[in-house]
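S.K.: As they're listed, the protein sequences go chains A and B.
Heads up: the first sequence at position 261 corresponds to 261 in our numbering, and the numbers run straight through without jumps.
For our numbering, add 1000 to where a residue sits in the second sequence, where the first one is 1.
Derived from the structure by calculation, the hints contain no laboratory data.
Remember, predicted model here, so these are calculated numbers, not experimental data.
It cannot be assumed that every hint is accurate.
Said to hold, decoys possible - List of simulated lysine to aspartate or glutamate pairs, EDC-like, C-alpha gap at most 16 Å:
#	chain 1	residue 1	chain 2	residue 2
1	A	K271	B	E1745
2	B	K1746	A	D261
3	A	K271	B	E1275
4	B	K1113	A	D261
5	B	K1112	A	D41
6	A	K40	B	E1745
7	A	K2	B	E1109
8	B	K1113	A	E45
9	A	K40	B	E1275
Claimed, not checked - Label-pair ranges, simulated between beta-carbon atoms:
#	chain 1	residue 1	chain 2	residue 2	range
10	B	P1393	A	K83	54 to 62 Å
11	A	T67	B	K1693	46 to 54 Å
12	B	R1681	A	G68	18 to 26 Å
13	B	K1057	A	G42	17 to 25 Å
14	A	G42	B	K1421	28 to 36 Å
15	A	V106	B	R1555	44 to 52 Å
16	B	A1020	A	T237	52 to 60 Å
17	A	Q88	B	K1421	29 to 37 Å
No residue lacks a Cβ here, since even glycine has one placed at the ideal position from N, Cα and C.
Spelled out from the first residue to the last, the chains are:
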Amino acid sequence: MKPFNYLTPATVEEAVSLFGQHSETAKYIAGGTDVIVKLKDGWMEPDYLISLKKIEELSELRKNENTGDLTIGATVTHATLEKSIMIQKEYPIIYDAVSNIGSLQVRNVGTIGGNLMNAVPSADGAVPMIALDGVALIQGPGGERSVEVKDLFIEPYKTVLKPGEILKKITIPAPAPRTGSAYIKFGRRAAMELPLIGIGVLLSLDADLETCARARIVLGVAGPTPMRAYEAEKLLTGKKITEDLLRQAGEKAADESKVRDSVRGSAWHRKEMIRVQVRRMGLKCLEMIKRN
Amino acid sequence: MSEYNVVGKRIPKIDAAQKAMGRAEYIQDVKLPGMLYGKILYSKHAHARITRMDLSKALALSGVYTILTGEDVPEKMRMGFYKDNPPLKKDKVFSFRDEVAAVAAKTPEIAKKALELIEIDYEVLPGIFDPEKAMEKDSPLVHENTKSNVLKLPWKLHYGDVDKAEKEAAFVVEGRFTTTWVTHCCMGTSGAVASFDAADNLTIYTNTQIPSLAQKDFLEALKAMGLKNKRARVIKPIIGGGFGSKLDTYAYEHIAILLAHKCRKPVKIVFDRPEEFIATSTRQPTVTHIKQGCDKNGKLLFRDIRMVLDNGAHTSWGATTPSVMMMPITSLYRVDNVRYDAKCVYTNNTYSQAMRGYGNPQATFAIESNIDMLAEKAGIDPIEFRRINRNHPGDVTPQNFKITTCGLDLCLDAVEKELRKSGTKEKGVGIGVASLIHVGGGARIYKSDGCGVIIKMDDYGKASVFTGGTDMGQGLDNITAQIVAEELGLLVEDVHVVHTDTDVCPWDVGAHASRSTFVAGNAALGAAKKIKAQLLELGSKELKTTPDSLMLKDRLIFVPGDPEKSMAIDKLLRKIHFSPGGTMLVSDHFFDPINENMGPDYKGNMSMTYTFGVHGVKVRVDEETGKVEVLEYVAAHDVGQAINPLLLEGQVYGGVVMGLGYALSEEVMHVNGKNMNPNFRDYKLFTAKDAVKIIAPVIQTPDKDGPFGAKGIGEPGCVPTAPAIANAIYDAVGVRITTLPITPEKVLAALMEKKKNH
Ligand SMILES: Cc1cc2nc3c(=O)[nH]c(=O)nc-3n(C[C@H](O)[C@H](O)[C@H](O)COP(=O)(O)OP(=O)(O)OC[C@H]3O[C@@H](n4cnc5c(N)ncnc54)[C@H](O)[C@@H]3O)c2cc1C
Chain A
1 MKPFNYLTPA TVEEAVSLFG QHSETAKYIA GGTDVIVKLK DGWMEPDYLI SLKKIEELSE
61 LRKNENTGDL TIGATVTHAT LEKSIMIQKE YPIIYDAVSN IGSLQVRNVG TIGGNLMNAV
121 PSADGAVPMI ALDGVALIQG PGGERSVEVK DLFIEPYKTV LKPGEILKKI TIPAPAPRTG
181 SAYIKFGRRA AMELPLIGIG VLLSLDADLE TCARARIVLG VAGPTPMRAY EAEKLLTGKK
241 ITEDLLRQAG EKAADESKVR DSVRGSAWHR KEMIRVQVRR MGLKCLEMIK RN
Chain B
1001 MSEYNVVGKR IPKIDAAQKA MGRAEYIQDV KLPGMLYGKI LYSKHAHARI TRMDLSKALA
1061 LSGVYTILTG EDVPEKMRMG FYKDNPPLKK DKVFSFRDEV AAVAAKTPEI AKKALELIEI
1121 DYEVLPGIFD PEKAMEKDSP LVHENTKSNV LKLPWKLHYG DVDKAEKEAA FVVEGRFTTT
1181 WVTHCCMGTS GAVASFDAAD NLTIYTNTQI PSLAQKDFLE ALKAMGLKNK RARVIKPIIG
1241 GGFGSKLDTY AYEHIAILLA HKCRKPVKIV FDRPEEFIAT STRQPTVTHI KQGCDKNGKL
1301 LFRDIRMVLD NGAHTSWGAT TPSVMMMPIT SLYRVDNVRY DAKCVYTNNT YSQAMRGYGN
1361 PQATFAIESN IDMLAEKAGI DPIEFRRINR NHPGDVTPQN FKITTCGLDL CLDAVEKELR
1421 KSGTKEKGVG IGVASLIHVG GGARIYKSDG CGVIIKMDDY GKASVFTGGT DMGQGLDNIT
1481 AQIVAEELGL LVEDVHVVHT DTDVCPWDVG AHASRSTFVA GNAALGAAKK IKAQLLELGS
1541 KELKTTPDSL MLKDRLIFVP GDPEKSMAID KLLRKIHFSP GGTMLVSDHF FDPINENMGP
1601 DYKGNMSMTY TFGVHGVKVR VDEETGKVEV LEYVAAHDVG QAINPLLLEG QVYGGVVMGL
1661 GYALSEEVMH VNGKNMNPNF RDYKLFTAKD AVKIIAPVIQ TPDKDGPFGA KGIGEPGCVP
1721 TAPAIANAIY DAVGVRITTL PITPEKVLAA LMEKKKNH
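Next comes chain A alone, as it looks inside the complex (with noise of 0.2 Å):
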């Protein structure tokens, strides 16, 4: 590993005029959970390593008891995020991907910014920022900006951020009444496992308990970037939610993913995942709606 600077900047503005300093040769770090690896295989050989971790503002996790919005810090760790009785509670979908990420010692370090800004197809934590409709504040050298979650990414590896950006943090807004969201990611393994895909729904129901008022249908690895199942949405959205229309969602989402063969796992089963698991998570949804 090539040697580096560690700069550990008080504020964005700091930090942000760090990385100008140094723009060509600087790398922002989190927890470095991603960061470290690729300083290991050689991946990037930045000479300085500015630290976001000193930055109190990034660090937030709070809700606005006024508005309901809620506000992730991108220094937030899966751990407090997971720990969070009102994140298990209000946002089950952000729990059960943050929760069977990695490891305890990678949830312990890792961050959510991080997860987003990393920015691969299978990143547990952007399929719920997603769902729930997340935005993005973003700082840099001209000042500050939002972008809606699901407009971050461009490619793996790639998202819509300017050299010298910083996510500072994600807003959700407050939840509608009846709605209920959960994730799962589909792997070999219990722990330490990338998903072989990855599926969150999000369902709010109208005050009939029964017509869909909203839905969210977000899929990891299903493509380049995390994606939502535009058309298995609009399926469910202003109808009566059955077993069988949710099935027909899980197949629509199925259609409109652009899974891969990989030598970690075939296409096929990838889309029949999507098909079972939409179908699972849209149930899962339902019965918290009628349990609250």
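Go by the hints and put chain B with the ligand onto chain A.
M.R.: Frame of chain A, contents of chain B with the ligand only:
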């Protein structure tokens, strides 16, 4: 087992605290003055001719001491079973794993950089990667000097008359079963440090399971280098797992020797994790055709097996795994008519080697899956079917194995009892069992199956035990200490076991074949008995009594029931030492079990005793995803006598988890000879979270030949796991998976296929 004081006790591993505290010294920690770092360059192609090599840029790099290529390897420095594999290849490469150059440099980073600067041009040749295709007439040849890719190794036996038995059989079933590459995944990666003294004697630190055989290999290497009549001293640091991966000497050791000699400085080569995945040997992939038949009462009449093994590009000891596969093939259950024909076939894949079970898991996967098929066809419950055909004490199997103790029936009972406890049959839930036989009393593979032990008593009542046996994490140090402590009336902490150095420790054939407790244990017991005899003799004079009235216990020598006639052992030792004409107690013992090499017909009682076991599992299969969940696991083994139940269970738990990985998730993925998953992200080793609760009934059938009645248990834990799982899946959802690993994808494909046909 109240008759023993130390044997049979759950004594934690002696080195546990040291390891947990990070104080254990592994090969990674070895550092010698002036030491250089070596790195190996591997082939970029599965099969190619080397047309040009340019080392100039690499040699010009500051900090590089030397670079070796195939040209620098002495003609007679060869590795493997055929001794045909040079540590660095010249002119031609036969697999991606082939070593083509090696650097010694001041730091590992410089060495790595130098590798990148070595220029090599290749002329790519067609490769062959499927052993069955490699057997076809027009297949490209891996080695041009051979006529066929099929090795001339006649693994062929036929006892009784299989064809006649087949005609007489009421039920016959057939199957094709395949297994793939899996690897040991030792926590400690491979490595060696080679160093020469001024007189060209070699000291090599290496984590080997075979110090004495390695010493012989290294002496041959020195001879090949023109260094005759030199000494080779092998020092083992603490080994971070072996599982068979260190049962031979390897290119990195030979290369370290060559580099050290050339540079006149110690050279260290340590693998990183990707290298460990790519450049160490795997378990052999097999294709097995099996046919078995029974009479109408379920009595097994014959077993007929044809097998193809992927030999990879070079012939290692892996090519001899069929000799161990013969054991379950001829001797698991009573079966009079057996035929076996195995072919090892060259391909441009990596070559395989020893791995826990040495072929037994592959053979048992086919046999025990197929036994369930036969039981079903005969309309007999699979556990009952096994009971009908089980081995019995006193049996002599067709291969002339003499079964002494055999608790197979008790194992079946124990597993059945556990599995049937929660009997309710849910949809998608099923149970499966599979049995095993393995050598439990050494295994005569080389001319000697022996082990030597020296015991030296000091003035303070402590024993130093110098054993040939190797502790590589499995706990032989504990077993040795417990045996010696038991025999000498000492406590375990009074016994210090040294197993690290061929200059100090006697010869041993190696830590393989589940033999260490039995063979090294017997050697330790033999040496302890000699010390004991001296203690009793000399003690009887001190205490004015006869030797046979004396006992050794709790650090005392005494006449039971006579408090007057008692003395501390350490005091006795000092008395003996510090008297005129004094003496110090030292003993040695070489134990070579009374077992037989196989004859030309492969008959011979390979082991002094055999270990049996039965595994039972309950699984739930998700019929929509193909995912298999292990709900319960029972692994009963007939172990003779547990010297240390804690360690024994550890061996069983570890074996089962390794077996579960083999059954359900692990595979080294090769695409055209290239390893696609040289990391723990994609090599699906079971994690702690995947591990299931394992119930491990210990069936004790004290064996008259074992130390305190013990038999070997190192390997059995991973032998019948895969077929037990496959059988349970069949019971659960009616599909038989015949290729390992049994991934969700395969299960779902089979379920869909089944649905289509209904
Ligand atoms: C053993 C292991 C297991 C893993 N298992 C999983 C798994 O199951 N599921 C999964 O999804 N991932 C997994 N990962 C990947 C990784 O842990 C996660 O992606 C993690 O969330 C990354 O967060 P981090 O803080 O460690 O990121 P870092 O490594 O610090 O950074 C990742 C990338 O994001 C950039 N970055 C980080 N923060 C910001 C920011 N605020 N603004 C702009 N850029 C930023 C960095 O420059 C870098 O390019 C695993 C990793 C390991 C090593």
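S.K.: If a hint holds in the structure, say so; if it doesn't, say that too.
M.R.: These are the hints, each one checked on the structure:
1. A:K271 with B:E1745: At roughly 11 Å apart (the allowed maximum being 16 Å), E1745 (chain B) and K271 (chain A) satisfy the hint.
2. B:K1746 with A:D261: Holds, at roughly 15 Å.
3. A:K271 with B:E1275: The hint is violated at about 34 Å.
4. B:K1113 with A:D261: violated (35 Å)
5. B:K1112 with A:D41: Satisfied, since the Cα-Cα distance of roughly 12 Å is no more than 16 Å.
6. A:K40 with B:E1745: Status violated; Cα separation ~33 Å.
7. A:K2 with B:E1109: Distance ~9 Å between K2 (chain A) and E1109 (chain B) Cα, so the pair holds.
8. B:K1113 with A:E45: With Cα atoms ~14 Å apart, K1113 (chain B) and E45 (chain A) stay inside 16 Å; holds.
9. A:K40 with B:E1275: holds (14 Å)
10. B:P1393 with A:K83: 54 to 62 Å: holds (57 Å)
11. A:T67 with B:K1693: 46 to 54 Å: holds (47 Å)
12. B:R1681 with A:G68: 18 to 26 Å: Cβ of R1681 (chain B) to Cβ of G68 (chain A): about 38 Å, so the range 18 to 26 Å is violated.
13. B:K1057 with A:G42: 17 to 25 Å: Holds, at about 19 Å.
14. A:G42 with B:K1421: 28 to 36 Å: violated (54 Å)
15. A:V106 with B:R1555: 44 to 52 Å: Holds - the Cβ-Cβ distance for V106 (chain A) and R1555 (chain B), about 50 Å, lies within 44 to 52 Å.
16. B:A1020 with A:T237: 52 to 60 Å: Between A1020 (chain B) and T237 (chain A), where Cβ atoms are some 56 Å apart, the hint holds.
17. A:Q88 with B:K1421: 29 to 37 Å: Since the Cβ atoms of Q88 (chain A) and K1421 (chain B) sit about 35 Å apart, the hinted range of 29 to 37 Å holds.
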